[in-house]
Amino acid sequence: MLSIRNLTAAINGNDVLKGIDLEIKAGEVHAIMGPNGSGKSTLGKVIAGHPAYQVTGGEVIFEGKNLLELAPDERARAGVFLGFQLPIEVPGVSNASFLRLAYNKKAEAEGRDELDPLEFDDFIQEKIKGVKMNASFLDRSLNEGFSGGEKKRNEILQLSVLEPKLAILDELDSGLDIDALRILGEAVNRQLRPDRALLMITHFPRLLETVQPDKIHVLAGGRLIREGGKELALELEERGYDWLLQDTGRA
Amino acid sequence: MSSPLQQVTGQEYKYGFVTDIEADSAPPGLSEDIIRFISAKKGEPEWLLEFRLKAYRHWLTLTEPDWANVTYTKPDFQKIVYYSAPKQKAPTHESMDEVDPELIRTFEKLGVPINEQKALAGVAVDVVFDSVSVTTTYREKLAEVGIIFCSFSEAVREHPELVKQYLGSVVPTSDNFYAALNSAVFTDGSFCFIPKGVKCPMDLSTYFRINNKESGQFERTLIVAEAGASVSYLEGCTAPQFDTNQLHAAVVELVALDNASIKYSTVQNWYAGDKNGVGGIYNFVTKRGLCKGVNSKISWTQVETGSAITWKYPGCVLLGDNSIGEFYSVALTNHKQQADTGTKMIHIGRNTKSTIISKGISAGDSANSYRGLVKVLPKATGARNFSQCDSMLIGQTCSANTFPYIEVQNKSAKVEHEATTSKIGEEQLFYFQQRGIPAEDAISMIINGFCKDVFRELPMEFAVEATKLLSLKLEGSVG
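Going down the list, the protein sequences come from chains A and B.
The opening position of the first sequence corresponds to residue -10 in my numbering, with each subsequent residue numbered one higher.
The opening position of the second sequence corresponds to residue 776 in my numbering, with each subsequent residue numbered one higher.
There could be a bad hint or two in this list.
Said to hold, decoys possible - Each pair of labels, with its calculated beta carbon distance range:
| hint | chain 1 | residue 1 | chain 2 | residue 2 | range |
| --- | --- | --- | --- | --- | --- |
| 1 | B | T1195 | A | A98 | 29 to 37 Å |
| 2 | B | T1156 | A | E97 | 33 to 41 Å |
| 3 | A | K118 | B | T1195 | 34 to 42 Å |
| 4 | A | E115 | B | T1156 | 54 to 62 Å |
| 5 | B | T1195 | A | G210 | 36 to 44 Å |
| 6 | A | E58 | B | A1194 | 41 to 49 Å |
Simulated from the structure, these hints should not be mistaken for lab results.
Heads up, the beta-carbon is just placed ideally off N, CA and C, and yes, glycines get one too.
Based on the sequences and whatever the hints tell you, model everything.
Here is the structure:
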């Protein structure tokens, strides 16, 4: 589904990704872990097409399409979703109208019927139950005044509305208490299908107990330095990242 | 791929066509003879000619104001044509059959319903083309409840006592440079009179069109709501695309007596000049409402999207005890446009209240300033004002300024002022795009969210139009 080859990227002239190779197949769950500043969030943003990053080499192929040639909104409509670590606040734009516009843009691109506000209300009422969100959040301005946890809940609500083929979740666990982490983890699990894939970016293994990855990659210094199964998470929890960095001579 | 923040403002001005119609014009230039010519053309009474000449003589002693935060080449007042009227079969039109079909086509193209059969239900329109009113719809229906809605020229002929009583009572001829000029040379406009106790059953509206390349438009609008009356009035405007600047210097006066209310809404879309700042309208307008009676209320709502230069401060003089003044404004500037706009709230009576909500949006290389005065006079015990002035910047090369002036001479007054500046930045746009929403839809949604507090004050049809207009104006400015 997603095939990244020798991807390099920079921001303001500083190289952040220094040659990433990653293969994600339909139905798989992958996790990228690594210390602060290793380039984890950058990888997610580059796949989604954030304009602040310059891709300096390599390729990103998604379902046969060269993603790097598409605008960010085209990538999204093609089925790439990025759950943000720090979702932005937009005063005056209601959460419901934002969600409906996003839903309808995708429906339009896929040749499905768009939903009018009443139809969308029926649709969304089901979805918010899945993330145990209070319906009053739909009428509030997008993320405005939401707590860190509420913003994350809203990201997963968007995920369940858009049902993307590839979901990249950047630090879903930051700012969440244990109960919220479990609820959102389960909501993410319900999105898993044989024709969809998930890439989780995280510091901490706890999330991986609820959403279990098939493969874990360790990213450090802009390179993937280790790949393993879900047992790698436990090892990282016990030993931290230092031993890996020393192993590869990049302490 | 150019970034979305560099693309959203390139949309062509779609009202930029010129109507080819034979006009009856005065030679360019300004003198007492020209004023006498205008007055004679309109068959005015002697007192009105005197009003004009007094204003002209005062104007000659004034110099053009330069305190606004705008720069432009000062108009040459001797090159302007002060009277230009499309040649018509009859001076007024009892029915649409008498209106030149070319004019009807022009206004159909502009989307202005001047044919009552095709009109928006419930909106009466006075249509002003260059210097004269072409037609006014629904007059008979309004007359049944005693409402007078007609062109200013007709009001002078048919209701001279009312015009004489109120003309210049809110904006005196000596008020300022452009108000004095308007008082000397105004040619037409709208007159509305809502008698005691009548709630106007439909929205009244005037559509202004400047067509002539050399002409200025100097319209005069006077709205009077007697005790207990209420009215909602809408104003729209467009002009063709010329590479020279045309001057639009209007005066609008509103008078609300005891318990009366007037709601005045404007969507201003004069030609703004091209991307390089060539051409466009100079919009130098004086608008003021007098809350003369107790419990009276005047509310200004404006959506300013056009003009090369905008210089306008619709204000309220809160004379009656417990009277209320409101100002809701969205001012959008793009390319080389400059706007210096805001309001004046003068609290004179006791327990007077005013609310100011101003939203400035700047894109391209434009400059957008809010300038507002809140003045509480010594007798205005219990006066209250709340002001909120928010600015939004799109891109790196535009500017936004806020110039609030607050003068309080009564200790019991409460005056609050809040201001914010935000930016539609890369991160906001990326968030929308990542959810599959194209940059232009994203900007339109963010802007509408930003302007929501003002748009909800607009009558429904206007709110829809305003929303579309802002999106059009910003198309291509985000890339």
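So, going through the hints one by one against the coordinates:
The beta-carbon spacing between T1195 (chain B) and A98 (chain A), approximately 35 Å, falls within the hinted interval of 29 to 37 Å. Our hint of 33 to 41 Å for T1156 (chain B) and E97 (chain A) is violated, since their Cβ atoms are close to 59 Å apart. Here the CB-CB span from K118 (chain A) to T1195 (chain B) is close to 36 Å, well matched to the stated 34 to 42 Å. In this structure the hint that E115 (chain A) and T1156 (chain B) lie 54 to 62 Å apart at CB holds, the actual value being about 57 Å.
One distance hint, 36 to 44 Å for the beta-carbon pair T1195 (chain B) and G210 (chain A), holds here, with the actual separation near 41 Å. One distance hint, 41 to 49 Å for the beta-carbon pair E58 (chain A) and A1194 (chain B), holds here, with the actual separation near 43 Å.
Hint violations for this structure: number 2 only, all remaining hints satisfied.
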